[in-house]
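Those protein sequences? They're chains A and B, same order as listed. Counting with numbering that gives the first Met the number 0, you get residues 0 to 461 for the letters of the first sequence. Counting with numbering that gives the first Met the number 0, you get residues 0 to 368 for the letters of the second sequence.
Careful, some of the hints might be misleading.
Listed next, the in silico EDC-like pairs over lysine to aspartate or glutamate satisfying Cα-Cα at most 20 Å (straight line) [claimed, not checked]:
| id | chain 1 | residue 1 | chain 2 | residue 2 |
| --- | --- | --- | --- | --- |
| 1 | B | Lys210 | A | Glu151 |
| 2 | B | Lys33 | A | Glu151 |
| 3 | B | Lys178 | B | Glu358 |
| 4 | B | Lys33 | B | Glu358 |
| 5 | B | Lys341 | B | Glu315 |
No lab work stands behind these hints: they were computed from the structure. From a predicted model like this one, the values you see are computed outputs, not experimental measurements.
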Amino acid sequence: MSTVSASTKIDVLVVGGGSAALCAAIAARRHGATVRLVEHAPLSLRGGNTRHARNFRLMHDTAHCYVPDSYGEDAFMNDLHRVTRGATDATLARVLIRGSATIAPWLQANGVALQDPGCGVMPYSQRTAFFLGGGKTMINALYATAARIGIEICYDSEVVALPTSDGQGGNVVIDRGGITELVSPKALVLCCGGHQSDRAWLRDSFGDAADGLVVRGTPYATGRVLRMLLDAGARPVGDPSQGHIVAVDARGPPVDGGIVTRITAIPSGIVVDRNAQRFHDEGEDARKTHYARWGERIAQCPGQIAYLIMDAHGRARALPTALPPIEADSIAALAVKLGLDPAALEATTRGFNAAIAGGELIQRRTAQLAPAKSHGAVALAVPPFAAYPMRPGLTFTHFGVAVDPQMRVIKSDGSRFENIFAAGMIMAANVLGRGYLAGLGVTLSAVFGRLAGEEAARHAAR
Amino acid sequence: MPPDDLEAERVLRICTACMYCDGLCAVFPAIAGKHDFAPNDLTYLANLCHNCRGCWYACQYAPPHHFAINLPNTLAELRQRSYADYAWPRWLGRGFGANARVVAAIVGGITASMLIATLLLVPANVLFAAHHGPGAFYRVVPWPIMAGAAAATLLSAMLAIGISAASYWRAITPRAGTKAILRALYPAVLDIVTLRNLGGGGPGCNDADEKFSQQRRWFHHVMVAGFAFSLAATLIAAFYHHVYAVAAPYSLTSLPVLAGGIGGVTMLIGIGGLLLLERRADRALSAAAEIRLNIVFLVLLALVAGSGLAVLALRETAAMGLVLTLHLGIVIGFFAILPVSKAVHGLYRSLALLRAAIERARPRRSGDE
Ligand SMILES: Cc1cc2nc3c(=O)[nH]c(=O)nc-3n(C[C@H](O)[C@H](O)[C@H](O)COP(=O)(O)OP(=O)(O)OC[C@H]3O[C@@H](n4cnc5c(N)ncnc54)[C@H](O)[C@@H]3O)c2cc1C
Ligand code: SF4
Ligand code: SF4
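Chain B on its own, in the form it takes in the complex:
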């Protein structure tokens, strides 16, 4: 058994005997009454933890105590390993290790090649001119190329993540009939969208220190809402393009531009908050690889949103061509690295929450003294 697993077993065994943290998150109810932990149980529990740190501040056995329990760190290490273990294709797993370098190389490479290609292929008088009216963007980058490249990378990323998630689910599937799974679907979805477990059982999580706060939960909500707005903007624009046959750019008061603008700004606010929390939080309570993964993903997402807003701001000027190419490069790069990014957390965690919802009807135990 790998040393991480042995440490996780040691710690979780003490937690099951203790259970003082049972009200803080879904991990504790999931280990109640367990004598042994199989590796797939560990994989499941690792993703049921979202590193809220509540159990660290609550732990009567935190170092310098003899038992030296650091559950958030123990589970974070396992979680990082699970991301790599279930990556598809297999070799992709290595991308989680040196995440910053891999992501910078891929996104940078794609962006740079797009810029170079644009410079080489688009005549300077077109590229550096101010374009107006419908179809202005496509005079620089033709629509089929733009949409085709983006769609192709996104689809292959979704395929890779989908297959990874499927094998993750196969590894952690609980013994339960289809009916039980279906019944658990609603509560699980509720847990997923409300981020209920980021509430620490009521007063909040220990986002930065001993004090309880709901900041992480809210910034996460804000970021996701911003992302949803941006996604909606893209879908509406596609609708305009195909159904109304009106080509971008749209007017400032049009739905796609409004949604995209609000989405971009909202996302940046959420990301800023999450990055700030990442900076303030105690690093010993997470895994170094996890912190790196978080920061890389947030920064990249901020670049996507920021460059999108830049396109909006500069679309009437001569800089439009280059800024648009830059934005496209970052977006396509972002799609490309999704399978080795924090984005996998969304699916793994949701699946872990689904298993937790299925198993929730367990007998209660005693714990007073």
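So here's chain A without its partners, still in its complex pose:
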């Protein structure tokens, strides 16, 4: 059944329900447009991956109550160049960085509370501001503001068709519990994320390795709209088989596990594959973001699984995890619990322990062992031994559609869709073609979302 309801006479339709969508909707409404926001998730799970975010990166010349020191435009740009190794559109990157300078006060003006670095236990962070209570609190505040200023919000509403003609978006088809509705807005803002939750698509891009992937965020980021845009001739950017993949606890939920399932203790132990063999230097990278390097490696392992093995001392050095590690009094017993070959795991640990050369704890390395452990090589000797089974956890892919500096979607032939705008992870690959910077996801979604909303309202007013 399909109906054309009275509410179809709106200026701007925003598709999505995370930070990009909310910022777009609020910005468009504040620019005078009538706005409707459609979110595929139910109210209880609204907010996309933004629910799982903690902090965001912002350029600032002076200290504020939520961020100390300063972080200038060039420093931000250098960081972006470093992680993307050039896979960034310089014009859009400037728009992003300059936009980030005013995004914090803008969010605050729309009800979002930021955490004072002096309160709680979060680290002093020069480059990023923390949401008080995290991303879900931020999302709640924006939804409350959106409702207050008269934005129509629909949950459980999925955009299932996006007809286009003459470079224009036409009647958008929205499905709500099996009932479809046609909406013809003057402008359309697509903020519905990437395709990381679509198993079939992941299988296309990653092959068999896709089966072992855990999706860290919302199951509603299916990329359905992204696919429709590409089918309508939008120009793709990035690579669907590249993503931000981190080491996560294999026992966590297959989707939506969020932040708590990451395994951050790898430098405190050894990592073996399902044949109980080590395959990479666990001490190579002791930075706190090292787990982001291990996602890819585990994805390459047979069966996309690996095991972090520690002794009691290693475990004591590690940060707590959502699920307690699997423990046993001997390496062989631990192997049995993990379903590994006990003799093989014993041989691996014995070989590792025997190869440890001297030196201070942090610098201590193995000698004549392949692969080496170059830092923090300490014998696994003190029971109980502890293990985490690990899988590659996908945060997002480096893939989306091309946009111009007004956030209009660009077609493969270089022309644009006049009334279709995109913001957030659906177009993140324009600036983030590779790599990741802490706190960039929300900044990107909020800054580009706000901009897309303003441009869409401007377009609708024409």
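Since chain A is already given, all that's left is putting chain B with the ligands on it; use the hints.
Leaving out everything else, chain B with the ligands in the frame of chain A:
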């Protein structure tokens, strides 16, 4: 391990890995970096939480999520158990279970017996006469009986609560020298009197819903201020009685009457606000026993204040004798049930805040992505 503890461990473990709520209240800094939770840690954390619900609305893992985290409820269940576990004498612990019935029976019983005793012992021409001038009250209920009964119940209640609190503190004492404890005293007292943690890290708590509000904090302050005024009125009156040898009732413009009147009205305002919030709040985020405890205590406190004001209003009339007896009955009943009332929360929470202040100097951790 009891199932409550297992659930608390499961939830707190996820919270320590997450820590998104670390700016909301003292519970999160207190669990930072912890791998395991001993039962006494749980007892401590349970009372460090004051059910502000901030972490429920903030939680990315709230049901229907797979992890189904409901930290306010989990800690509220534990908190209720801790009240019963540390009650002294031990059998008193059972009074927390069916709190409404126990409190109604005790307060009602005491009030009724006082009324009956007055009716039987005081001649009708005295009881139902209008009395004026100093000592008017004591013509109905003699001073030694009035003061003696009240003091005896209050003192025994304070003894019971004191011993409970002492064993609670023994269970949660942190490893710290006397110096560290003394140094933490000032910040702890500041947290206690300002209700800092009811600020949700700045914008307020989720008193009734997703919106932030400071209402609970302010109504609590108002109620406590009213209570302090009433207490002051009693102390000043005692001073008048013993030092100046002037017997009650005092004139409307006298200090005890002014303080008592302001105190009673203020208390009623605070209580009304807190009861309203209790009504509007989502029950799934607390423990049923806790809601009952809150309501019973607030209603009883309102009866104390209300009957006190009634004495003030009717003291020149023939109803004075009965109203005074009623008020005394409620006050003495209130004293009697203090050890099985929400009043214990004041002490347990203060002690938990003291431990939190002692432990506050912890290394910071990383938490960005
Ligand atoms: C575990 C985790 C931790 C993270 N931590 C951080 C962090 O600390 N800091 C940071 O900056 N970034 C972080 N990120 C990244 C950040 O969350 C994202 O970059 C950001 O939230 C993206 O916002 P968005 O609005 O573009 O998309 P999303 O928040 O993913 O929202 C997409 C929305 O679109 C909706 N949708 C999809 N398809 C349709 C459809 N067809 N119809 C209607 N609605 C649809 C979805 O329901 C969803 O609400 C994290 C991500 C994860 C997974
Ligand atoms: S309910 Fe409030 S006080 Fe209790 S743990 Fe959550 S945020 Fe802290
Ligand atoms: S209540 Fe939820 S969001 Fe808050 S720290 Fe715990 S798990 Fe994280």
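Structure-based check of each hint:
| no. | hint | in the structure |
| --- | --- | --- |
| 1 | B:Lys210 x A:Glu151 | holds (19 Å) |
| 2 | B:Lys33 x A:Glu151 | violated (44 Å) |
| 3 | B:Lys178 x B:Glu358 | holds (13 Å) |
| 4 | B:Lys33 x B:Glu358 | holds (13 Å) |
| 5 | B:Lys341 x B:Glu315 | violated (35 Å) |
Of the hints listed earlier, those the structure fails to meet are numbers 2 and 5, in rising order.
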